[in-house]
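2 protein chains.
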Amino acid sequence: MLPFKTLIKIDKSLKLPVYQQIANCLIGLIQEGILKPGLFLPGSRLLALQLELHRKTVIAAYEELISQDWLVAVPRKGVMVAANLPVIRPRSFRKTVSAYDGEAAFSFHTIPTVAIPAKPVFTHTPLVVNDGFPDARLAPLGAWVRECRSVIESPRYFKLLMYGSPTGNEALRREMQTYLGNTRGLSITADHVMITRGAQMAIYLAAAMIIKKDDYIIVGSPNYFFADLCFEQLGARLLHVPVDEEGIDVDAIEQLCASKKIKLLYLITHHHHPTTVTLSAARRMKLLAIIRKYNLPVIEDDYDYDFHYSSAPILPLASADHGGNVIYIGSFTKSLGLSIRIGFMIAPANFIAGAASLRRLMDLGGDNLSEQALANLLADGTIERHLKKSNKVYHERRDLLCDLLQSRLGDAVQFTVPTGGMAIWLRFSRKISLKKLSEKARAMGLQITSGEQYHYGTTSQNAIRFGFASLNNKEIAEVVGILEKLVR
Amino acid sequence: MLPFKTLIKIDKSLKLPVYQQIANCLIGLIQEGILKPGLFLPGSRLLALQLELHRKTVIAAYEELISQDWLVAVPRKGVMVAANLPVIRPRSFRKTVSAYDGEAAFSFHTIPTVAIPAKPVFTHTPLVVNDGFPDARLAPLGAWVRECRSVIESPRYFKLLMYGSPTGNEALRREMQTYLGNTRGLSITADHVMITRGAQMAIYLAAAMIIKKDDYIIVGSPNYFFADLCFEQLGARLLHVPVDEEGIDVDAIEQLCASKKIKLLYLITHHHHPTTVTLSAARRMKLLAIIRKYNLPVIEDDYDYDFHYSSAPILPLASADHGGNVIYIGSFTKSLGLSIRIGFMIAPANFIAGAASLRRLMDLGGDNLSEQALANLLADGTIERHLKKSNKVYHERRDLLCDLLQSRLGDAVQFTVPTGGMAIWLRFSRKISLKKLSEKARAMGLQITSGEQYHYGTTSQNAIRFGFASLNNKEIAEVVGILEKLVR
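Residue numbers (this note's numbering), protein chains in the order written: chain F, 1 to 488; chain R, 1 to 488.
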């Protein structure tokens, strides 16, 4: 008889019932060819004795395996490994490693990526300068949870918990019509709205709907790295157009349009990522004329529109006459905090319908509960109040940081005060190595990037985005204090 | 002077401040070429008179536009449209339609789709037979909201609200190790886990990582339609292999592997969609040998594993020795309710890392707050208790439905009692038109599909999936009552 005592491993600390542990072990032994088809297993009394278990436990395991067709009960002879199972030559007596332990046995694509730390190291770095994230301490998360509760408790929302739609929650799409009309002068209906998983999904979807392999598309230089990576992944050929103080170079765009078929233009009209510049009024007008002349499809990524300090934000291209060419993208992630990822895409209704079919293949649809909660917060004015409050706070933080950078770091850095958004584009003197600065900062309890990701596909400007929104006044002063020591 | 009274439309019922409404209108007029570069606008006093507004409001609008560079203040002469703006030939005096009103001006891809109703019509149909959805009335949503609150209120979770990772919440990935070990005998670590937006995102990601255009892949016939559509969208050539009472035909798979390079096999081992059959023990063993022999990459979609009534579920292929070839996919959507979309993918660590880079381009990452809440519910046993309870309830509902179908519909229908899951594969007599049945049912307050989507890419069997889990005993009886009237 086989050494079942050794072959069958029982761990009574596991939640899995012992009879199922026995059954699983026996299946493993059958699959590895150690227990061959037609083999009779020891009687339940004998096996129970060997394993020091109650006989009923072994019987339960055998019954389980009989019902799953691994074993067959033969009258008056006992329990046999099913004869119809394929014969396997045993390869090792008892493998202890998991099939997942090595590398994948098959080949797969390499995905374009940038070197940003996968996860921040918090243990040693209480202070974090991020890319321009909102302050979760200000986000109306309490109100959001309250709305989630009201959704699950109210019978009128019950159906929401059952079904979702790839275009997103209906109530939220209707609220978007009012919200975008009031804040951005956009004239749309719910049919022009798709609710997405943050702005990033909207970028991916819109681009995937338009780009074919080897298509030419225009992006800024520099550009939001996750947009560039996304377009490269979709097989596009990227034409980089300079971004200066007035935003993307519109004349260069026109020259490219005149010389080749351009399938897409991606641009960030407010607080361009990474440089934070805003596209000037004159360039907007020129660009609208180009868009109409060439029927140029545009992704207008306006992720930062709601945060503006020096004056009201400039209306997006989407609210002017673009001849049905602009796909407008934005996000609530900046107002609700990063953990709640709700963004949107505005486009002609037939494009939204097509994109919905693609989105369904990617994740079926959004999270109806969260989306309804957001719709309620838009309807009752919570989001508007929060935006007012946080704009005020971020405005102060921007001004404090700019003051401190100027007075404490002097000519080690250069920057233009951004009109809005959550970050400053901080250019360091060429004498300073950002890589070394970043390493030394970490030792002093400050996590700050070396900025490589911002220069993806372009020449380094020795600059980083310095997110000020998530740091309070005390934290801003501490961070600048550390930098001051490091740049001297 | 231009008729500003007509050109500038003020709506005092809007939340947008009046001065911004004026500013927006003026921008529109400039962009349309009605107000030309170099044109002087009326003085603020005069315009205020015309518009019947306070002069301060007009001044505020002018100041806003000066700060945005649309207007220029010329000392002693007044306010002028900026001379550096491009000259536009006006095309219409005042367009009233939105640029989004027509169709998209550019072309875009056609996405493969199936004819399932985009959104169920609830108003007239109180009863809905769905595809096999859980009952949101049973889902532990109260506990879930409670955990969300504890996450936002606890300082130790604060960082979660700031950062996410494309592989998902760390605590949840660690909980998955225990959960999948206990329930499925899977031997993995957190590095083998990616948390996704439901199982669908895991299918899309895994397939997109492997498939190149025109690759051959094997799927069941019939197959889960959203998987087929996803593979087609990614450019694969689908080879359909029959699914019978024992699951997918493994000999046919081997023949295909021997004759051409197969890049992927997609299969549903438990409660196959749509037919609900479970892959037999003998075929599993044969299949594992084929997988190892041909190094055949496999997506094992085990979306329904947690729901099993007749015996314990069969261990997945993923927990046997597959030589690092099986990508294992599952979901919590069936336990938490459809509105909370959390799924997972298990694969070798290098594949997970690659897939994370792709996922980051699609939506940056998951919802850290929801995922932490789920991790807490797994850790405190809530999910386990809920699964026990709902398995009991669904077991009863399955039995009740099967009894009623047999006794009331007789030979109008045929079905095999499924060992688990949330649906019955109900084959109707060829004499019954499901299209007509579906239409007539709706008039009687019952929404039931005509089933076209289940026969995508294969021959119709005149069958539908009858989801029983979301209907209570009373509702099941009502539905069968309506069907009884209709099939007679």
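No lab work stands behind these hints, which were simulated from the structure alone.
Any given hint could turn out to be false.
Claimed, not checked - Cut-off 16 Å, straight-line C-alpha distance, at most; resulting in silico cross-link-like pairs (EDC-like, lysine to aspartate or glutamate):
{"id": "1", "chain 1": "R", "residue 1": "15", "chain 2": "F", "residue 2": "380"}
{"id": "2", "chain 1": "R", "residue 1": "286", "chain 2": "F", "residue 2": "215"}
{"id": "3", "chain 1": "R", "residue 1": "12", "chain 2": "R", "residue 2": "63"}
{"id": "4", "chain 1": "F", "residue 1": "213", "chain 2": "R", "residue 2": "214"}
{"id": "5", "chain 1": "F", "residue 1": "485", "chain 2": "F", "residue 2": "452"}
What the hints assert, rightly or not - Computed footprint of chain F on chain R; a stretch qualifies when at least three of its residues, placed anywhere within it, have a C-beta under 8 Å from a C-beta of chain F:
{"id": "6", "segment": "49-56"}
{"id": "7", "segment": "425-435"}
{"id": "8", "segment": "442-456"}
{"id": "9", "segment": "459-469"}
As the structure is a computational prediction, the values presented were derived from the model and not from experiment.
All residues carry an ideal CB built from backbone N, CA and C; glycine is no exception.
Consistency of the hints with the structure:
no. : hint          : in the structure
1   : R/15 / F/380  : holds (13 Å)
2   : R/286 / F/215 : violated (45 Å)
3   : R/12 / R/63   : violated (20 Å)
4   : F/213 / R/214 : holds (14 Å)
5   : F/485 / F/452 : violated (22 Å)
6   : 49-56         : violated (count 0)
7   : 425-435       : violated (count 0)
8   : 442-456       : violated (count 0)
9   : 459-469       : violated (count 0)
Checked against the numbered hints above, the structure breaks hints 2, 3, 5, 6, 7, 8 and 9 and satisfies the rest.
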